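Chains A and B, in that order, are what the protein sequence lines are. Going by the numbering used here, the residue at position 251 of the first sequence is 251; the numbering climbs one at a time, nothing skipped. Going by the numbering used here, the residue at position 57 of the second sequence is 57; the numbering climbs one at a time, nothing skipped.
Source of the hints: derived by calculation from the structure; they are not laboratory data. This one's a predicted model, so the numbers in the text were calculated from it and none came from an experiment. Be aware that one or more of the hints could be misleading.
Result set (DSS-like, lysine-lysine): computed pairs, CA atoms no more than 27 Å apart in a straight line [said to hold, decoys possible]:
1. B:K133 x A:K171
2. A:K171 x B:K124
3. B:K124 x B:K84
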Amino acid sequence: METFLQQTLNGLVSGSIYALVALGYTMVYGILGLINFAHGELVMIGALVALQTVTALSGAFPGLHPVILLIAGVAVAVPVCMAVGYLIERIGYRRLRNAPRLAPLITAIGVSFLLQTLAMIIWGREFHVFPQLVSTTPMQPMDGVVVSPLQIFTIVVAFALMGGLMLLVNKSRLGRAMRATAENHRVAGLMGINANGVIAATFIIGSGLAALAGVLFASNYAIAHYAMGFTPGLKAFTAAVLGGIGNLPGAMVGGLVLGLVESFGAGYIEHLTFGFLNSSYQDIFAFMILGAVLIFRPSGLLGERVADRA
Amino acid sequence: MRTENTTPILEVRGLKVAYGGIQAVKGIDLQVREGELVSLIGANGAGKTTTLNTLAGVVPHNGGEIRYAGQDVGKLPSHLRLRKGLALVPEGRGIFTRLTVAENLQTGAYTRRDTDGIAADMEKVFTLLPRVKERLNQVAGTLSGGEQQMVAIGRALLSRPQVLLLDEPSMGLAPLVVEKIFEVIHSITREGMGVLLVEQNANLALEVSERAYVMEGGLVTLEGTGKALLDDPKVRSAYLGEEIDQGLAA
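With the hints as constraints, model all of the structure from the sequences given.
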């Protein structure tokens, strides 16, 4: 039972980060039908820009409160990622809007390499320690279950962001324009909606979420590295497919389910395989799920916008 | 208010459009004045829909001029033409099927910030189209074709256009619904809006229109008042199925 609770908690932490990243994939897919494979790199850029900011600030003003450092890191990382996300769309994808689907897809992979390489040039190949800005001192709410303030913080922030995004998409004028554009660019234009502007806004919002996910990810693993975006990017993509790509609630559910499956998998894999595999094999679960979803339910858990057809 | 001398609000000169590798529109002139109902009839493939799409900025043109309210709008993207007051209800209605009816109407008012004015215009649309009000919270994709057409028209009206381009509003609808929709179109023009109507149902279109253009192979081959064209033997045989009827009767 303790293991179960502990693994649930761990799963929620990583799952809520996957969910934030998955939202970016699914939003862009929903509006453009494009898998933006460069999205994972925004997680990395968010983490490294935040780290750079924090390092610079704490060097210049030693003794600054960690919360202020965290806020400053986020305040720089989010706009930087938003700008990068905007530029990716503006320079990379916009002119391919009417090209065959393979062209933007390959471009996305190219952009991913480009961003990784740029990050490597700027921040080097080494692993950087990401400082503990939120306490990781374990608390023990009950026997055998350990939780840190950072973990609680991660879950709370991620859920707040998801709730905010749902409100934005479902209730605001911009959200309506996004949904209208996602369904039909041409008709959206006939309503006076600047489809290019809405698409840019979609990239910007998704990139902002990725930046925050990057800071949360780096905080939880205490590490930042130029290639750190690849694995969470791929897993978040898996989560988006699992939930039903193009479907926002699906991306959230998919992210959380993936986090939980991984966590339980890691917790129980040793028992299940009689010690043949250990918890370092936890990554295989994500890709087993991806394979299974693509074979048995390509439309994902929530299908493509099932709710709308109800 | 309107006299024959009023300058047209929409004026098209020598419009040419290449579409899908062919010259679909080969240089046409047409005008729409305030409060005027003008129709554009012709066989399938004559270039009617292409013309409307070009006027709305969905398709680029490769010759001629589109003047709206005295300005050349030919280079503007569709969302800026709408902002000027030129709205299109596209062929097939173009409803956002995954949005609710209310949200569809709200996207129609997307460019407007005058909350009170929008609310007043919503009420007008509800008076004009009571069915729309009954369906407000329904997802638009679940509506019948006629209801979707009403939503499409209501949505376009909410942008408060001065000229409304309507592409085949009767397509696939039951006669009673068509009648209702034409009533609505008629009452729109009474409020001073200009309407350019593309219609397969030439008989109906000519009956309600003040003026009409007949398109054939990308050119306007005939124009005149609705009445005159209704009585024109060429139009009768080509578009109103007259000869066939007589042939069968004989």
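Structure-based check of all given hints:
no. : hint            : result
1   : B:K133 x A:K171 : holds, 20 Å
2   : A:K171 x B:K124 : holds, 24 Å
3   : B:K124 x B:K84  : holds, 21 Å
Violated hints for the displayed structure: none, as all numbered hints are satisfied.
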